[in-house]
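Working from the sequences, and respecting the hints, build out all of it.
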Amino acid sequence: MIGNSYADTYQASLANAEEFWLGAAAGISWATFPHRALDAERAPLYGWFPDGTLNTAYNALDRHVEAGRGSQDALIYDSAMTGARRTYSYADLTGLVADFAGVLRDRGVGKGDRVVIYMPMIPEAVIAMLATARLGAVHSVVFGGFAPKELAARIRDAGPVLVVTASGGVEPARRVEYLPAVAEALTLAGVPGLPVIVKARDGFASTAADHGWLDWDGQMEGARPAAPVEVAATDPLYILYTSGTTGTPKGVVRDNGGYAVALEWTLRNIYGAGPGDVMWTASDVGWVVGHSYIVYGPLLAGATTVLYEGKPVGTPDAGAFWRVIRDHGVNVLFTAPTALRAIRKADPELALLRGYDISSLRTLFTAGERLDTDTFHWAARSLGVPVVDHWWQTETGWAICANPRGLEELPIKAGSPGVPMPGFRLAIVDGMGADVGPGVEGNIVLGLPLPPGTLTTLWGNDERFVSSYLQAFEGRYATGDSGYKDSDGYVYVMGRTDDIINVAGHRLSTGAMEQVIGRHPAVAECAVIGLADPLKGQRPSGYVVLKSGVDLPEDVLAAELVAMVRQDIGAVADFKHVMVVEALPKTRSGKILRKTMRQIADGGEYSVPSTIEDAGVIDQLLGTLRPRNAEPGKGG
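Each residue of the sequence shown is one higher than the one before, starting from 1 at the first, in the UniProt record's numbering.
The set of hints was computed from the structure by calculation and includes no laboratory data.
In this text, a Cβ means the ideal position worked out from N, Cα and C, and glycines have one as well.
Where hints are given, some of them may not hold.
Said to hold, decoys possible - For lysine to any residue, the following SDA-like pairs were computed, each having C-alpha atoms within a straight-line distance of at most 20 Å:
1) Lys576 <-> Glu560
2) Lys413 <-> Ser482
3) Lys345 <-> Pro534
4) Lys586 <-> Pro534
5) Lys576 <-> Gly549
6) Lys536 <-> Lys576
7) Lys111 <-> Ala200
8) Lys311 <-> Phe143
9) Lys547 <-> Val617
10) Lys111 <-> Gly190
11) Lys149 <-> Gly190
12) Lys311 <-> Pro534
13) Lys595 <-> Val493
14) Lys413 <-> Asp374
15) Lys547 <-> Leu584
16) Lys586 <-> Val572
17) Lys311 <-> Leu535
18) Lys311 <-> Gly145
19) Lys149 <-> Glu184
20) Lys345 <-> Lys536
21) Lys536 <-> Arg224
22) Lys413 <-> Met494
23) Lys311 <-> Gly83
24) Lys149 <-> Val572
25) Lys345 <-> Trp378
26) Lys111 <-> Arg224
27) Lys413 <-> Ile358
28) Lys345 <-> His520
29) Lys547 <-> His520
30) Lys311 <-> Ile358
What the hints assert, rightly or not - Simulated restraints, written as ranges between beta carbons of each label pair:
31) Glu605 <-> Gly203: 49 to 59 Å
32) Arg107 <-> Met432: 52 to 62 Å
33) Lys111 <-> Leu535: 22 to 32 Å
Below you can see the structure in the form of C-alpha cells.
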C-alpha cells in the first residue's frame, strides 16, 4: 500500500492547494513574495502566484552565487561527437548568461519579446535560454532536427524579434548544416531580414558572414552584462511547440513563477537531488525534458547538470552512458526507454559496463514512452539501482505520475509510472466522463486546476487551449492517454487516444505526415499509424490508396514519400515504411479506423466497430497488415 508520507503530502495538495503551494514557493527567491497561490478569476484559464514577482534565471544562477556557492559546478558539457569537455561553475555560467543577455538587450530584446533558439547540444544553447529569461523575454527552443517548414511554422506563430542558432549539429555519420535551413525558414515565414546570432562551430561550410548575420563570439567580446529583469509570476517564460494534428503546431505556454516553484519541488521530492548532486538528463534542450531537467530544474535546485552531445550507442559504443556516469559522478540519470533498448540491443549482457565504476549512480528515471517490463527488469538487474518510470507530457512540464524518491521510496511496480503527484487530480473515466473502478481502462483525465508548472494556455490562442484539452470532459483536462489504476492507486498508461505517436521519445503527429503524403499526385488517400517498435517505442508506417489509373512502382512511390516527409517534417520522424493498399477501413462518418489498423499490424487482438462502412475492407487488409507469424485476431 501507499505509505503515509506520500499519501499525506498528496492529500494536502488537494485539500488545501493554497497553503501547500505557498509553502513550496518558499524554495524560490522572490522579488515580491506572493500572498496568493491560485488565481481563478479567469477559470478555466488559471494562474499561479498572481501577486508574486521574480526572475527565473536569477533563481537558477545568481542566488546560488550570492549564497556562497559560486565555485560549485553548475554545468558539465561533454561532447562524445567532438571530444570537447568543459565545466562551468555557477559563477562562470552567471557571468556568461549576463553577458549574452546584454548582447540580446543591445539588439533590442526586452521584456515579453520572443527569441527563437535553434541549436544543437552545446553550452551556448543553455546560455541563450537563460539569457532570454534574464531579460524577462520569452524563448522558444526548436529542436535542431526539424526541417525548415517546421521551423518556419514556429517562427510565424511565435513572432520572435531575433533568432539564435549555430553552424550546425554533429551526428555520428554526418554533419547537419543549420544556417541554410534557418535562411529558408525565415523566407518561408515571411521575415527574411530577422536578426540572427550564430555560434560558429568548426567543420561547417556556411557561416554567419555568408548570410549577413551576427557572430556569437564577436558579440560577446564587447558585451555589457545585463541585470535580471523582474517579471510577474504569471508572465510567460517560454513557448514550446508540441505536435498538432493539423495546421499550426500548438505553442505550450509556461509561466515563470509556477514553473520555478514546481521544478524546485520536484528536484527535492521526486528525484531526490539538490546542491552537490549531479543530475544527467540524456535528452535534448529542444524537448520539454531538456527544458525542465537539463536546464531549469537542476539549476533551480542548486545541483550540477550534465549536457551531453552524443548517443547511447555508436559514440563510440554502447558503453557511452557508463563512461559519462563514471567521469562526472552522476547521481541521477534520466533517459528514455529507447536509449536503454538501444544499449541492450548492442550489449545485451552489459559487458562494456564492467569497465566503468558507476557506483555514484543512485537512481535511473525513464520517461518519453512506456517502459516495457522486459527492459525495466533488465536495467534494474544489471545496474543494481532503482529504475523509476514516470509519466508526463510537454503540456504538464513535470511528472503527472512518479515514484517520489526524495519524499518516500514507494514500492516500484513494473509497467506502472507510479502514483499521481501532488496537485494532479487524476481520474480514469469512460467516454461519458463517469469514473470507472480499479483495473478498468478508460481515459486518463486531470481535474482542474492543474498544479503550478503546467501549461497556462496555448500561445495566442486561449480558445484552442480550451477546445484541445478542456472540452471533452467538463472540469477536467484530457491527457489524450488511456489507462487504468490498480487497487493501490498506481497508474498504468496504455497508449494514446489520438494520433500523436512517440518515436524514440519524440511526440510527432501522424496527421501532419498524412498531410505531406496526401500531396503526392499519385495518392488518393492515406493513413499513417504508429506501430510498436522494440527499439523506438513506435515507428510511423504509411498506408496509401492510389488514384485510379496510376501506374507507379511501389518502391519508387515509397522512396518519394519518404523523401517528402523527411523534407517537410524532418529526419526525426523516422518515416521509412510505405505500403499500397486497396482501401482503408472507415466508419460511416468517414473516420479512418487507425486504431484497428494498428492492432492488426501489431499482431494483437482487434475489434471492428459496428459503425464500419465496409467490413470487407478488414478482410482485404488482413493479409497486408498482419505479421506473417501472428495468430488471427478477433473480429467484432
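Tested hints:
With a CA separation close to 11 Å, the supplied pair lysine 576 and glutamate 560 stays within the 20 Å bound. A hinted pair counts as satisfied when its Cα atoms are at most 20 Å apart, and lysine 413 with serine 482 qualifies at roughly 18 Å. Annotation: proposed proximity of lysine 345 to proline 534 holds, straight-line Cα distance about 10 Å (limit 20 Å). With a C-alpha separation of about 28 Å, the suggested pairing of lysine 586 with proline 534 is violated against the 20 Å cut-off.
At most 20 Å may separate the alpha-carbon atoms for a hinted pair to count; lysine 576 and glycine 549 exceed this at roughly 25 Å. A C-alpha spacing of about 13 Å is found between lysine 536 and lysine 576, which places the hinted pair at or below 20 Å, so the restraint holds. Taken as a hint, the lysine 111 and alanine 200 pair is broken in the structure, with Cα atoms around 27 Å apart against an allowance of 20 Å. Of the supplied pair hints, the one linking lysine 311 and phenylalanine 143 holds, its CA atoms being roughly 16 Å apart against a limit of 20 Å.
Distance restraint check for lysine 547 and valine 617: the Cα-Cα separation of roughly 17 Å lies within the 20 Å cut-off, and the hinted pair is therefore satisfied. Simply put, lysine 111 and glycine 190 have alpha-carbon atoms about 24 Å apart, too far for the 20 Å limit, and the pair is violated. Of the pairs offered as hints, the one joining lysine 149 and glycine 190 holds, with about 12 Å between alpha carbons and a cut-off of 20 Å not exceeded. Under the criterion of a C-alpha separation no larger than 20 Å, the hint pairing lysine 311 with proline 534 is consistent with the structure, at around 18 Å.
Taking the CA atoms of lysine 595 and valine 493, the gap is about 16 Å. The hint holds against a cut of 20 Å. For the hint linking lysine 413 to aspartate 374, the alpha-carbon distance of about 13 Å falls within 20 Å, and the restraint holds. Taken as a hint, the lysine 547 and leucine 584 pair is honoured in the structure, with Cα atoms around 13 Å apart against an allowance of 20 Å. With a C-alpha separation of about 29 Å, the suggested pair lysine 586 and valine 572 falls outside the 20 Å cut-off, and the hint is violated.
For the hint linking lysine 311 to leucine 535, the alpha-carbon distance of about 14 Å falls within 20 Å, and the restraint holds. At roughly 14 Å between alpha-carbon atoms, lysine 311 and glycine 145 fall within 20 Å of each other, so this suggested pair holds. The straight-line distance between the Cα atoms of lysine 149 and glutamate 184 is roughly 8 Å, inside the 20 Å bound, and the hint therefore holds. This hinted pair checks out: lysine 345 and lysine 536 have alpha carbons roughly 12 Å apart, not beyond 20 Å.
Distance restraint check for lysine 536 and arginine 224: the Cα-Cα separation of roughly 45 Å exceeds the 20 Å cut-off, and the hinted pair is therefore not satisfied. Using a Cα cut-off of 20 Å, the hinted pair lysine 413 and methionine 494 holds, with the two alpha carbons roughly 15 Å apart. A hinted pair counts as satisfied when its Cα atoms are at most 20 Å apart, and lysine 311 with glycine 83 qualifies at roughly 13 Å. Taking the CA atoms of lysine 149 and valine 572, the gap is near 14 Å; set against the 20 Å cutoff, the hint holds.
Restraint check for lysine 345 and tryptophan 378: the C-alpha separation of about 12 Å stays at or below 20 Å, so the hint holds. About 18 Å separates the Cα atoms of lysine 111 and arginine 224, which keeps this hinted pair within 20 Å; it holds. Restraint check for lysine 413 and isoleucine 358: not satisfied, since their Cα atoms lie roughly 24 Å apart, outside the 20 Å limit. Distance restraint check for lysine 345 and histidine 520: the Cα-Cα separation of roughly 36 Å exceeds the 20 Å cut-off, and the hinted pair is therefore not satisfied.
Pair hint lysine 547 plus histidine 520 holds up; C-alpha atoms about 10 Å apart against a cutoff of 20 Å. As the CA atoms of lysine 311 and isoleucine 358 are separated by approximately 18 Å, the hinted pair is consistent with the 20 Å bound. In this structure the hint that glutamate 605 and glycine 203 lie 49 to 59 Å apart at CB holds, the actual value being about 52 Å. In this structure the supplied range 52 to 62 Å holds for arginine 107 paired with methionine 432, their Cβ-Cβ distance being about 54 Å.
For lysine 111 and leucine 535, the Cβ-Cβ distance of about 44 Å falls outside the hinted range of 22 to 32 Å, so the restraint is violated.
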